[in-house]
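Modelling step: build the complete structure from the supplied sequences, incorporating the hints.
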Amino acid sequence: MVDLWSGLAQAFWLVVTLDGELVEIALRSLRVTLSALAVACVIALPLAAFVAVKRFRARRFVIAILNALMGLPPVVVGLIVYVFLSRSGPLGVMGLLFTPTAMIIAQTIIIVPLIASIAHQSIRDLWQEYHDLLISMNVTQGQKIRTLLWDCRRALLTAALAGFGRAIGEVGAIMIVGGNIDHATRVLTTAIALETGKGEFALALALGFVLIGLAVAVNLAIHWLGRTEREGAW
Amino acid sequence: MELFPMQARGIESRRHGQVLVGPVDLRLEGQGACVVIGPNGSGKTTLLRLLHGTARLSAGRIDWACSTEEARHHQGFVFQRPVMLRRTVMENLAFPLRLRKVPAGEARARARDWAARVGLAGMLERPAPVLSGGEQQKLALARALISEPKVLFLDEPCAALDGRATREIEEILTAAKSNGTRLILSTHDMGQARRLADDVLFLLGGRIHESGPAETFFNRPETPQARAFLRGDIVE
Amino acid sequence: MMKHFAVTLAALAIGTAAQAADVMKMAVTTSFNNSGLADVLLPEIMKDLDLEVQLLVVGTGQAIKLGEAGDVDAILVHSRKAEEAFVEGGYGTHRTEIMYNDFVFIGPAEDPAGIKDADSAAMALTEIAGAEAPFVSRGDDSGTHKKELSLWKAADLDPAGFGDWYKAVGAGMGAALNTASGIPAYIMSDRASWLNFGNKGDLALLYSGDPVLFNQYAYLPVNPEKHAHVKTELAGKLETWLTSERAAELINDYKINGETLFVFNAKAAE
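Residue numbers (the numbering used here), protein chains in the order written: chain U, 1 to 234; chain L, 1001 to 1236; chain X, 2001 to 2270.
Each statement offered as a hint is correct.
Here are the simulated SDA-like pairs of lysine to any residue, each with C-alpha atoms no more than 25 Å apart in a straight line: (1) X/Lys2237 to U/Thr99; (2) X/Lys2081 to U/Ser88; (3) L/Lys1101 to U/Val139; (4) X/Lys2167 to U/Val75; (5) X/Lys2226 to X/Val2023; (6) U/Lys54 to L/Phe1079; (7) X/Lys2200 to U/Gly208; (8) X/Lys2065 to U/Leu96; (9) X/Lys2047 to U/Gly20; (10) X/Lys2065 to U/Pro73.
The hints are simulated quantities; they were obtained by calculation from the structure and are not laboratory data.
Encoded structure:
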C-alpha cells in the first residue's frame, strides 16, 4: 500500500514540476501511439466498410480471421516485425529497427484488426438499414463506402478509441522492435517495465498513473471535440 | 433523354424455385400515373422492383427507349417505410444531388426549395430520424423528386400514414405528374387508386390479370376477379 | 575554380558533420545497465568523443543474437564461452576485456540454509540444495545464468534433477530479484544489480568473495565482413576510450553506498 500512495505522490510531483524526462517519454508515447492510430484507421476503416458491403464468397471467412487477429499476442507481432526489420531480414536495409518508426509499424499491425472488427459491425448494421435506398440511388462503390463511413462516424470513433487504448498500454512488441533506448525509443510503458525490473515500484507506479491520466485526457478530449453526448438522433 | 416507351417481355422473378411474379408482358408510355393494385402477395412490390432494376430478373427482359444504364439514372423509388439517412433534413435532400456532383451551394438551394414545396421548410436542420412518419415520407418523396427523375416508382407510399399526410403526399404526386414525371405506384387504398390513376394494372398471383385506362377499369371491369376485388371481396 | 568549389564542399561537409553527434548502437546486458555505470559513462563518452552510444539493454543471449544479426555495432557482455563462440563464428572481430565485478549470493535475512559461514561458493550451493531452500534462477541463458549453471556443476549438482524449490524464471536480473524478494528465496546476483535494487524487502547479502565468482565483462565489435553497414570506426573509437586511463578512472571510482563495484582490467587494445 505504501508503494501505491508513494506512487501517486511521485506522479503528482513529476507532473506538476513538468519533469524533463517524463515529458520526453510521455510525448514520445503519444507520438508513437497517435501515429499508429492514424495509419491504422486509414487502413482499417475502409477495409471494414469494404468487407461490410461487398459480396464475396470468402466474406464470412475474412470476418472470422479479422476477429481472431484481435487476439494476436502483441509480443508475437513484435517478434515478427523484428525479424523483418532486422539487418539480417528482408527489410533490414531500411535501417528502421530500434527507431520510433518500427514501434509505429508494430502498433499499427496490432490495432488494425481491432479497429476493423468493431467498425465492421457498426457499418454492417447501417448498411442493412441503408441498403435499399443506396442501391436504388445507383451509388458507386466509393460513394457507398464514404456515405456509410460518414454516417457511422460516432461508432467509428469508438472503434478508434479502442485501438488507442490497446496501443498506448502496449509494451511487449515495442520493447522488442524499439529496444527501449534511453532518449530514443523509450516510452511510458517500456519505462514502467524498466523501473519495475529495477525494483523501483513507486516510480513505476508513478509512471503508470501518468499513463492512465494521459489516456483519460485523450479520450475526454476526443469526446469533447466530437460532441458525442450532445443532442442528436445518432 | 427519352426513357419511354418501356417494354417488358416475359419477365419473371423466382425465389427458391417458386415464381413470385411472371411471366409478365407490359408496355408503358411516359405520361400520367399507373396504379398497380391487387391482393396481398400478388407481387406488387416485386413487380415494381423488377421494373426499377433493384430485383434481379429470373427470366425475360426489360427494354427502355434508351440504354438500361442511362434509364437507371432517371428513376426514383419511394419505399413503403421511408429510409432516412442519419442526417438532417437538408442533408437528406441534398444527398442525391451531391451524389451527382452538383456543387454544394446549388444543392442546398434546391433542397431548400423542395423542402418548402413539401411543407418541411421549418425543419431543415432537424435530424431526419426524429420526424414523424408523415414528415419522413414527404421527405423521402422530395428526396426522390429533387433529382428530377423521368419516372418515379412508389411502393404503397401512404400505407402507414394518416389521412392528412396521405392528402399532402397525393398533392405532391399530382403536381409531379403535371410536371411530366411518370408515376408508377402500388396501393392498397382503392380510394387513392381512383383518385390518382390514369391507368391501372390489376395483379393476381404474380401475373397481370387485367389492365387498362382507369376510367374503363373502375367502371366496367372485364374479369370476374376484378369485379370481385372492386366490390371488396377477398380474391385469390 | 574546381578547387575552390571542392574546398567549399569539404568545408560544408565537415561543418554539418560537426553539428550532429555520431551515433552507434551497442547491446549490453541487464546486469551492466542495472549497475548504473552506464549513466556515468555515456555522458562522458558524449563529451570526449562527440559520440552518442544508444544502449539496447537485453539478456546476454539476445545481445549475442543482435550482434549476429548485425542490428548493433558492438556488444558488451559477460559470458566468456559465448563470446569466444561469437568471435570464432566470425560475428565479432575480436574480444577485449574491460572490467570485472563479482557475483554474490543473496537470500532471506534469517538464512535457513545457513550459507553465511560457507567457505566456498560450491559449499554454499550444496547447503542450499541440501536444505531444499527456495532458489530463484535467471533461467534465461544470460551470462549470469550460465555462470550459475557452471557453479552448480562445479559443486557436482545437476539443476535438471532439482525439485520445486529451484525456480527458473526466465527473466532479467531485476525481475528475478523481485521474484526472490517476494518468496523470499536465495538467488545469485551480480553485486552492482543488488546494490542498485530498490525492492530488497527481506533479502540480504549472505555470501561473497570466492574468486570463482568473479565476473568478467568484455567488449566485442561486430564484424564488418559479415555486415558491411556496421560503424566499425565508431566502434573502434569507443573501444579505445573504454580501454583508456580516462575510462579506468571513471570505472574504478564508481561507487554505490561507498562500495566499489567494478575493477578495470583492460590492456590497451592492439
